[in-house]
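**Student:** Need the complex rebuilt from these two chains, each delivered in its own frame; the hints are there to steer you.
Chains as they are written, first to last, in this note's numbering: chain A, 1 to 294; chain B, 1 to 394.
Because the hints were derived from the structure by calculation, they are not lab data. It is possible that part of the hints are untrue.
[What the hints assert, rightly or not] Computed list of chain A residues with no C-beta within reach of chain B, every gap over 12 Å:
#	residue
1	Asp6
2	Thr8
3	Arg25
4	Arg28
5	Met76
6	Pro77
7	Glu78
8	Gly96
9	Glu190
10	Gly218
11	Pro262
12	Glu267
13	Ile268
14	Gln274
[Unchecked claim] Calculated cross-link-like contacts (lysine-lysine; reagent style DSS-like; alpha-carbon spacing at most 25 Å):
#	chain 1	residue 1	chain 2	residue 2
15	A	Lys85	B	Lys22
16	B	Lys26	A	Lys87
17	B	Lys26	A	Lys85
18	B	Lys321	A	Lys87
[Claimed, not checked] If you only want the chain B side, here are some residues facing chain A, beta carbon under 8 Å, derived:
#	residue
19	Thr8
20	Val10
21	Ile13
22	Arg17
23	Asp54
24	Ser208
25	Arg209
26	Val211
27	Ile213
28	Ala215
29	Ala216
30	Ala217
31	Leu378
From a predicted model like this one, the values you see are computed outputs, not experimental measurements. Glycine included, each C-beta is placed from N, C-alpha and C at the ideal position.
Take a look at the letters that make up each chain.
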Amino acid sequence: MLSVRDLTRVYDTTTVLDGVSFDVRPGRMTGFVGANGAGKTTTMRIIVGVLAATRGSVTWDGAPIGAEQRRRIGYMPEERGLYPKMKVLDQLVFFGRLHGMDTAAAAARAHDLLDRLGLDERAGDVLETLSLGNQQRVQIAAALVHSPDALVMDEPFSGLDPIAVDSMVSLLRDEVSPQMPVLFSSHQLELVENLCDDLVILSRGRLVASGAVDDLRGRHAVRYRVVLTGGADAGTLRDVPQLSVLDAQGAEALVEIIDGTPEKALEIIQGTAQVAEFARVVRPLAQIYREAVR
Amino acid sequence: MSSSTRSTPVWRIVAEREFTTKIRDKTFIGATIFTLLFLVGFFVIGSFVEGRSDDFDVAVVGSADTALVEQAETVLQADSPDGSITVEEVDDADAAEALVRAGDVDAAVVSGEDGYELVGDDDVDTGLRVALTTAVAQDVLEENAAAQDVDLEALNEGTTLAVRLLDENADQSGARGVVAFAFALVFFMTALGFGMSIAQSVTQEKESRVVEILAAAVPIRALLWGKIIGNTLLALGQVVLIVLVGLVGLAVTGRRELLSGITWAALWYVAFFVLGFLALAALWSVAGSLASRQEDLQSTTMPGQLILIIPYFVSVMASDKVQTVVSMLPIVSTMIMPGRMAQGDVPWWQVAVAILATLAAAVVFVRVGSRLYERTLLRTGGRIRYRDAFRLSA
Numbered sequence: 001m002l003s004v005r006d007l008t009r010v011y012d013t014t015t016v017l018d019g020v021s022f023d024v025r026p027g028r029m030t031g032f033v034g035a036n037g038a039g040k041t042t043t044m045r046i047i048v049g050v051l052a053a054t055r056g057s058v059t060w061d062g063a064p065i066g067a068e069q070r071r072r073i074g075y076m077p078e079e080r081g082l083y084p085k086m087k088v089l090d091q092l093v094f095f096g097r098l099h100g101m102d103t104a105a106a107a108a109r110a111h112d113l114l115d116r117l118g119l120d121e122r123a124g125d126v127l128e129t130l131s132l133g134n135q136q137r138v139q140i141a142a143a144l145v146h147s148p149d150a151l152v153m154d155e156p157f158s159g160l161d162p163i164a165v166d167s168m169v170s171l172l173r174d175e176v177s178p179q180m181p182v183l184f185s186s187h188q189l190e191l192v193e194n195l196c197d198d199l200v201i202l203s204r205g206r207l208v209a210s211g212a213v214d215d216l217r218g219r220h221a222v223r224y225r226v227v228l229t230g231g232a233d234a235g236t237l238r239d240v241p242q243l244s245v246l247d248a249q250g251a252e253a254l255v256e257i258i259d260g261t262p263e264k265a266l267e268i269i270q271g272t273a274q275v276a277e278f279a280r281v282v283r284p285l286a287q288i289y290r291e292a293v294r
Numbered sequence: 001m002s003s004s005t006r007s008t009p010v011w012r013i014v015a016e017r018e019f020t021t022k023i024r025d026k027t028f029i030g031a032t033i034f035t036l037l038f039l040v041g042f043f044v045i046g047s048f049v050e051g052r053s054d055d056f057d058v059a060v061v062g063s064a065d066t067a068l069v070e071q072a073e074t075v076l077q078a079d080s081p082d083g084s085i086t087v088e089e090v091d092d093a094d095a096a097e098a099l100v101r102a103g104d105v106d107a108a109v110v111s112g113e114d115g116y117e118l119v120g121d122d123d124v125d126t127g128l129r130v131a132l133t134t135a136v137a138q139d140v141l142e143e144n145a146a147a148q149d150v151d152l153e154a155l156n157e158g159t160t161l162a163v164r165l166l167d168e169n170a171d172q173s174g175a176r177g178v179v180a181f182a183f184a185l186v187f188f189m190t191a192l193g194f195g196m197s198i199a200q201s202v203t204q205e206k207e208s209r210v211v212e213i214l215a216a217a218v219p220i221r222a223l224l225w226g227k228i229i230g231n232t233l234l235a236l237g238q239v240v241l242i243v244l245v246g247l248v249g250l251a252v253t254g255r256r257e258l259l260s261g262i263t264w265a266a267l268w269y270v271a272f273f274v275l276g277f278l279a280l281a282a283l284w285s286v287a288g289s290l291a292s293r294q295e296d297l298q299s300t301t302m303p304g305q306l307i308l309i310i311p312y313f314v315s316v317m318a319s320d321k322v323q324t325v326v327s328m329l330p331i332v333s334t335m336i337m338p339g340r341m342a343q344g345d346v347p348w349w350q351v352a353v354a355i356l357a358t359l360a361a362a363v364v365f366v367r368v369g370s371r372l373y374e375r376t377l378l379r380t381g382g383r384i385r386y387r388d389a390f391r392l393s394a
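With the rest of the complex left out, here is chain B (with noise of 0.2 Å):
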């Protein structure tokens, strides 16, 4: 009898077929793509719909008034940091007028004899008209000041108004909000997506019976392991790509307060996904496995679907308070911690509850998982109940 020197473990050689045999189909394929579509269409009309706001062309008539121009932007950007105003020097007021009646600029600034005249074509954003008003103001006051002798410093002494936010991300979170319903979605839909596919791949073996085979020549146990950990990657590898598209996004249409605001949240996202994802993976395999044809799948899945279903309306819908609790929950925890950390600051004891729960959960469900799916691969001719499948004997 020679005996065989194995170079590569049998999970590995699974986990390999699983990945390359799901990385060509081209489903797949098509919907990691249209995902990441989805994710940067979601950004260039975002761009689009805000840089309108927010970047100006302002006309002015000779090069004496673009120190004026200049100092509104200073106001503008003091509310919005992003924006900006352009100064384009025309020699005289007519073709300011015309430049704005073409709409090759926002407004026109143009001084008269009674002072200055905002030109606009039938309206002028309200932030570009706040900012040089004041601009003005201030140009012409300290103009006065110096006429009247007058000491503007004194004069303006305690006029200004501070501005003390207590929450310094309120502005923001609307934006964080779609943050935090962004993870729970992605996790939703890809741990639905993925949590199908292995147990459709289990089923589809047991009815082709090439699990007669493969069962025959390796561990059982073996075979859970490669699909498990050559799906996760498969999964980990789709997450990545979505976040990363995601913070570069981010980055690339200024938004950087919110992008460093949710870095932290995102890694922790990736980390918190795989754990849930890994969790999950050994229960879709045992769904597969005590399905005998791909119908009996729509029943041996629910347990599955509903542990997703469920911490997902919970994580759209339930008060601060409920999330607060839940999102401690395994499973749960990867579609609510990550964007409760997005939303604000989360005490660490929690976060580290989330996780060890999850692990916990992780393990238990590999190992219960496993038992299972080792004692209902080879049984064919009708669905298992997971009652019953508890009871068998291998």
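Same shape as in the complex, but just chain A (with noise of 0.2 Å):
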């Protein structure tokens, strides 16, 4: 597991990162989500050590990380990075080769990755001469090529068009193993939450949500969407002392439950209008993120 304790970095006299601490469970996903500055790329920048903390600390299963640990991570910086000059392949190579490996195994794992990318056949090119996207599959490839026990990604689909985005993905998690702990960033919300099985969220250098989607899901109150046939208004539901309602347009509202089961609630509607539809709502990640930073 990779942890954060109380991390913060501090520009001459400005905060930008403040007494962050979270959990990278391996074998999940765990997306890091905030607005610009939040500190999501400090944070990542600390982990991988390229950033000094001021203060706090990284720990791998407990222990402070260290050198040859953080050698093992696959890291993708926001700032996507290679050598425009160097052919595909050869830069793969490199890379696989400063991470220890012999350049036997890395050009083999090289060309295993960017056939299943798709791109094998761009293995003699030059980098710039790549589209933007193929860019940054070979990026996605670079930090993939040691086989690495933890992934570090910032921003790792922004700029894919969907398609590619998919191909990634299915990527990220044929490779993803049991014991890996994966952290992206990402302000594709809908992405994030088709991905992850956990959630980080950063606001203005602070933590202000971090564990299992479902459990950050779960720690609102569940929320159902009521539809009222017959011509009844939905406003009426306003009186019911079970519920509060918080919207409600014409035959529609939006209610959470104050007191009683699902099934109760049901019934007590029921008692006074004709229903049409009566389901429970599963809250988008956005919401939740937009709660959490409010």
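**Tutor:** Okay, here's the thing in structure tokens:
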């Protein structure tokens, strides 16, 4: 498990990261969200060791992380970085070797990754001749080439078309082993929602929420959508003491149950009007996020 | 957590990348080929110019005078060891004249009633004329002496003017001066060219952000060493090639005397070159890591450029005394000391001081350089001043 504890970073007088602690659990995808300037990139750079923390620690299985363990992390920085004038395969082999692989193993692995990303026929091309989307795929391959023990990826999907995102996601799912912690930041909340098991939310340098996505959802009262028929006004549900009506428009209302089970609530509603629909609302991540950072 | 057995050290992987990238770079290949062609051209033109003045063809009538011309060749070679006279035997004086007119021979020696006649087209080379005149005079003198029954040896006793040169290399001082200048120029050009390319490659890594991945994967110090070693090997390879072509050129064009005089200096030059280059390489890397964009390099490489330009002008312009002193300073020594050694004897202690000073400078520069490099490599968003870089914490 990869953990950060009380991570703080101060630039001159500005505190960009303030006492952040969270865990990145193995075998699970942890989504890292927050507005621009919330401190996501700073956190990730401290984890991989290219930036020093002013205070706090990064630990691997409970012990402070060392250089050798950091070398086993696959890192994809926010500002993509590869050698523009180097051939794709040479580049991946170079990074593989820097991470301790021998040339033959690195080349075999690079071919395999390029093949799965649909880029094998471009292996001999100079990187800058590839489209931006393809360069990004190579970037992912560079982060994965040494079969890392953990993955830290800053906005790995930004700038990709939906099909490229799909192929990248399926590659990631193949690569993530049950022992492997994966942390990735993203602005695309729907994507995080589909992909992530855990969530870490930062706002202005502080941690506002972290944990399993399901738990975060469950932390708030479950909501139900009620649709009435027969010309009934959903606004009348405000008179039901067991319900809290969050929103009502025409025949439709969004309610939380204050008292009793959903079955009981439905019974009560059916006592006042004819019900066309009574359904649990799965709150989108965007909403959890907005509420958390509010 | 699986631990990997690292077969190749990081600095070697980085050095290999520097090496292979550069050696495939068309600009680099072009520049190297151009330098070598320039050098070869220099020798070709040189030997062409000199070859005309020292190798002669002379026509003689019948075989009788062949010995005379051979004697003249001996005289000629006393002055220019590489000179030669080739004898062309013809049937009569008219044929000899025809050859001269056609330009097939430089001159013809024809014996008439009043003695020998030297026939030339519009001019006869002074060296050739002196050699033939001496040979004829000696030959005829011997004949006359025999006819008059005179003891020629007794007559010639004490007439020779022996020549003793106080500076026996003086006749080559021009050529040796050129060699010394070439030493300084080649180091200046190579160190500047490679220096700028080291700085550029560091800045490029910063600009393309690849440095972020590199720094996450390996120690920054290993990156620096890889860069320094890779580029030093390349520069060394280039300079060894240039020196070899130069020495072979001297050998092929028959300047053996000059060659034997400067071979040691050339070998020392290679040693000085490596040390001087090594000392500077770290500084160039820092220049690269202080910059955030290629445009910043103009100002951040200024100290490196000055360290090369000032000694270069000193080596070209300064007086002997100044040169003697500064030739012991680090980096300056690479440009001046081998040149001094090519031009004459240099006391061994001066060479030792120069080597030790450059070694010490290399150690200091690499140490300070790697500290500055580590501190500044990951900082982006503007040029960093040297002064600020010293104050930064990691």
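**Student:** All hints are to be evaluated individually against the structure, with a verdict given for each.
**Tutor:** Each hint tested on the structure:
1. Asp6: Check passes; 20 Å lies beyond 12 Å.
2. Thr8: Non-interface label stands for Thr8/A: nearest chain B Cβ at 16 Å, farther than 12 Å.
3. Arg25: Consistent with the label, Arg25/A stays out of reach of chain B, its closest Cβ about 16 Å off (over 12 Å).
4. Arg28: Given a closest Cβ separation of 18 Å, the condition holds.
5. Met76: violated, 8 Å
6. Pro77: Pro77/A is in fact no farther than 12 Å from some Cβ atom of chain B, at 4 Å.
7. Glu78: Answer for Glu78/A: violated, closest chain B Cβ roughly 9 Å.
8. Gly96: violated, 10 Å
9. Glu190: holds, 27 Å
10. Gly218: holds, 33 Å
11. Pro262: holds, 47 Å
12. Glu267: holds, 56 Å
13. Ile268: With a cut-off of 12 Å, Ile268/A remains clear of chain B, as the shortest Cβ separation is near 57 Å.
14. Gln274: holds, 62 Å
15. Lys85/A / Lys22/B: holds, 11 Å
16. Lys26/B / Lys87/A: Since the Cα atoms of Lys26/B and Lys87/A sit roughly 15 Å apart, the hinted pair holds (cutoff 25 Å).
17. Lys26/B / Lys85/A: holds, 12 Å
18. Lys321/B / Lys87/A: violated, 53 Å
19. Thr8: With a minimum Cβ separation of about 6 Å from chain A (threshold 8 Å), the hint on Thr8/B holds.
20. Val10: holds, 6 Å
21. Ile13: Because about 5 Å separates Ile13/B from the closest Cβ in chain A, which is inside the 8 Å limit, the hint holds.
22. Arg17: Cβ of Arg17/B sits 6 Å from chain A, so the hint holds.
23. Asp54: violated, 51 Å
24. Ser208: Holds: closest Cβ of chain A sits about 5 Å from Ser208/B, inside 8 Å.
25. Arg209: holds, 3 Å
26. Val211: holds, 7 Å
27. Ile213: It holds, given that the least Cβ distance between Ile213/B and chain A is near 6 Å, below 8 Å.
28. Ala215: holds, 5 Å
29. Ala216: The hint holds - Ala216/B has a Cβ within 8 Å of chain A, the shortest such distance being about 4 Å.
30. Ala217: Check passed: Cβ of Ala217/B comes within 5 Å of chain A, closer than 8 Å.
31. Leu378: With a closest approach of 6 Å, the Leu378/B hint holds.
In this structure, the hints that do not hold are numbers 5, 6, 7, 8, 18 and 23, in rising order.
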